[in-house]
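Peer 1: Each chain is listed here by its residues.
Number of protein chains: 2
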Amino acid sequence: MSHSTSGLAAAESAKRRLPPISVLKFGGTSVKSMARIQHVAEIVKERLKHGKVLVVVSAMGDTTDYLLKLAHQCTKNPDQRELDSLLSTGEHISITLLAMMLKTMEVSARSVTAYQLGIFTESVHTKARILDIKTENLADAFETCDALVVAGFQGVTANGDITTLGRGGSDTTAVALAAASGAKYCDIYTDVDGIYTSDPNKIPKARLLDRISYGEVVEMARLGAQVIHPRAVELARQYGVILRVRNTFKPEHEGTSIDGGEDMEIYRSISGVATDKDQACVAIMDVPDQPGIAARIVEALAKKAIVIDMIMQAFHPTAGLNNITFTVASTDLPQTIKILEELKSEMGAKAVHADEDIAKVSLVGAGMAGQPEIAARLFSTLGNAKINIKMISSSEMKITCVVSRGQADKAAKLIHDAFELEKV
Amino acid sequence: MSHSTSGLAAAESAKRRLPPISVLKFGGTSVKSMARIQHVAEIVKERLKHGKVLVVVSAMGDTTDYLLKLAHQCTKNPDQRELDSLLSTGEHISITLLAMMLKTMEVSARSVTAYQLGIFTESVHTKARILDIKTENLADAFETCDALVVAGFQGVTANGDITTLGRGGSDTTAVALAAASGAKYCDIYTDVDGIYTSDPNKIPKARLLDRISYGEVVEMARLGAQVIHPRAVELARQYGVILRVRNTFKPEHEGTSIDGGEDMEIYRSISGVATDKDQACVAIMDVPDQPGIAARIVEALAKKAIVIDMIMQAFHPTAGLNNITFTVASTDLPQTIKILEELKSEMGAKAVHADEDIAKVSLVGAGMAGQPEIAARLFSTLGNAKINIKMISSSEMKITCVVSRGQADKAAKLIHDAFELEKV
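Protein sequences, first through last, are from chains A and B.
The first sequence begins at 1 in this note's numbering and counts up one residue at a time.
The second sequence begins at 1 in this note's numbering and counts up one residue at a time.
Just so you know, the hints here were simulated from the structure itself, not pulled from any lab data.
One or more hints might be untrue.
Same chains, same label: a pair holds when it works inside one copy or across any pair of copies.
In silico DSS-like links for lysine-lysine, alpha-carbon gap of 27 angstroms or less [what the hints assert, rightly or not]:
no., residue 1, residue 2
1, 45, 76
2, 45, 69
3, 69, 32
4, 202, 410
Could you build the full structure based on these sequences and the hints that come with them?
Peer 2: Right under this line is the structure:
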């Protein structure tokens with residue numbers, strides 16, 4: 001959060017007025033019924049034994065989908081300012097119900113919308129970023145209540161327009177509020193126990209991690225294993241807020257703690273295996289070898305907000321032609337093909353190929369850099385099982401292999417076994 | 001609206017910036033589906049031919065009931081601050097959908113909540129009164145849009161808490177905005193054609209009035225014929241705003257115009273006959289004749305927000321005892337009896353009687369004062385038909401007779417005929 005120079009002193013003085021605060025965030029499934037809201041209220045009340053509590057909540061269950069449906073009954077392309085204002089009512093409803101419930105339990109509670117609290121964002125609709133939080137208002141609110149219930153996912157512009165934060169919005173609200181109130185932890189309550197070495201529904205041996213680094217979680221999320229939105233994790237890293245992913249229905253469990261992982265390398269190289277089947281591979285064949293060809297493709301796709309991954313270029317020296325191959329999200333495939341077909345003649349390319357029979361299987365670990373034996377073991381594990389690797393990409397914290405979609409789960413399981421991830 | 005002294009100049013200057021504005025209000029049934037919202041948008045678009053439009057809307061159909069149900073699933077006695085905040089989402093949803101719909105029709109539209117516009121109220125929940133409207137914000141908004149869609153029924157306190165205005169809230173919002181923006185008219189769109197001489201479902205001869213005075217409408221509303229809430233009418237009278245009650249589904253009709261009725265007496269003494277069957281009569285018998293007895297009863301009932309009407313006291317000189325009789329709304333009867341039973345021994349009274357077999361039939365007209373022949377014709381009409389009059393009460397603009405409930409409709413019809421109300 002960037003404070004204006006004049007606002008900075010006020011914010012600092014407000015921060016000194018703030019008591020120690022626990023910051024808790026509950027997602028839509030955690031508040032989808034009155035029984036669940038009561039359960040959340042009980043968790044909040046229990047936490048009050050250790051000081052004041054700030055709770056961020058999402059909209060109840062499928063309220064957001066219902067509101068979106070209303071908007072789309074109205075028009076295919078709803079005005080974004082109005083859509084944001086409409087969607088904000090989802091969280092507005094859930095905060096009032098949780099505050100009401102807390103009041104019936106004799107808790108001094110109070111709900112606030114982003115408008116009321118002063119969660120200021122950019123003037124961008126449907127995916128605004130938080131610019132500033134009025135710490136003074138936080139300090140004022142906690143002078144008259146013990147549990148402050150804040151609407152996630154929403155913000156307000158300097159002009160008073162309501163915005164929404166887009167994907168991962170409520171997580172982001174919670175982290176921003178933890179940062180603004182100087183809280184050490186931000187507890188993200190969800191419907192799983194925490195972060196696992198792999199998807200426990202597919203790999204029964206998958207182990208719950210008690211700790212993982214920000215970087216690893218971001219990698220895992222980007223690779224398809226999303227428990228918390230990478231954007232919220234980045235914000236937590238930036239402000240040094242320790243995230244704890246916990247199960248709403250097992251509040252006594254500590255869950256997985258996400259921090260800078262400074263001393264983590266010494267005890268663990270690898271944190272997990274992630275699988276992402278919602279991917280497709282696209283290739284544009286026989287492009288003349290000219291500088292800037294790849295950039296033109298990336299730019300044309302970026303204009304339509306299509307993110308590409310694992311781009312690779314193979315050059316045939318004899319023909320002087322390139323093949324450019326990359327992966328995109330499956331949902332972006334039809335539009336990607338359309339754009340490439342347009343570019344094809346313009347660039348003098350011969351053909352556009354698409355392959356939907358792919359999946360990404362990735363090994364993630366903060367301590368894998370500089371350990372080539374990890375890659376070697378990964379490739380031989382797949383090779384011994386006759387699983388063909390279609391593409392490879394690696395970074396500081398991950399190695400991703402593209403394999404046939406039908407073999408992805410088997411590949412993940414073999415890798416989990418080979419690296420003995422079930423053991424601490 | 002009371003402006004602070006310093007705010008007054010700003011408000012006046014803002015008022016000068018305001019273009020001529022049509023103020024329209026649509027109730028919940030007028031926006032209960034997307035098809036109806038589209039119809040409302042068409043009415044708004046048509047009106048834009050004559051200048052800018054401010055539209056006040058209620059929550060869609062039964063949204064408010066749904067939100068109340070949610071609150072009552074949570075607790076029998078929801079916290080009122082939270083309840084008001086929760087209920088405000090009903091209008092918040094409908095304004096965004098109407099603004100979206102207008103945008104699809106190429107109308108430069110914008111939705112605003114009471115919070116965003118600055119409709120300031122008392123710090124009282126569930127029935128707040130409007131204190132001030134930021135005319136500056138109105139002027140600013142109309143500089144960037146042609147149709148401003150405002151949430152009815154809601155307000156905000158100086159502290160930023162969300163309030164609701166209680167019964168007749170959206171009508172009141174519309175009138176207050178008409179007053180604040182200097183509009184001459186405030187059009188209340190509803191599902192009837194306007195105000196009739198009597199209930200057209202019961203008296204087919206009932207005639208649609210093209211004009212009626214504020215005072216008569218208030219009397220008729222209080223007597224059971226409610227098309228527009230008396231509170232909104234009082235506010236319109238105070239600010240000289242002419243109300244027009246119109247049918248959403250016959251927008252080409254002028255409806256009924258409600259104004260001060262200054263020149264009305266010359267052409268019409270009587271405007272209508274109203275019937276109210278949701279009434280009960282209560283009597284406390286043989287109360288010792290002491291000063292202040294009636295006041296004690298009224299006070300005890302007022303503490304529970306029970307409004308009494310048609311109170312009368314009959315004194316038996318020989319016994320030195322009083323019978324006190326009055327009417328209350330049927331729904332208040334059980335609690336009224338309970339309170340009177342408690343007061344009975346305390347006051348030395350003998351008995352409490354209740355009579356549910358009653359109805360009020362009232363003749364309303366701004367021009368009836370000083371015309372005793374009207375009362376005479378009324379009583380003889382009922383007497384000739386052998387309808388027994390249980391109680392009578394009269395004021396400047398109305399005469400009310402309490403009759404047996406089963407005879408009320410017949411009485412109203414006879415009176416309508418006797419005074420030839422079907423004729424202009």
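Peer 1: Would you mind marking each hint as holding or not holding in the structure?
Peer 2: Results of checking the hints against the structure:
In the homo-oligomer, the alpha carbons of residue 45 and residue 76 lie at most 27 angstroms apart only across protomers (20 angstroms), although the nearest pairing inside one protomer, at 43 angstroms, exceeds that limit. In this assembly of identical chains, residue 45 and residue 69 lie within 27 angstroms of each other by CA distance solely across copies; the values are 24 angstroms between and 35 angstroms within a copy. For the homomeric pair residue 69 and residue 32, the shortest alpha-carbon distances inside one copy (18 angstroms) and between copies (15 angstroms) are both at most 27 angstroms. Proximity of residue 202 and residue 410 under a CA criterion of 27 angstroms is satisfied intra-copy only: 9 angstroms inside one chain copy versus 76 angstroms between copies.
Going down the numbered hints, you'll see the structure goes against none, and every one checks out.
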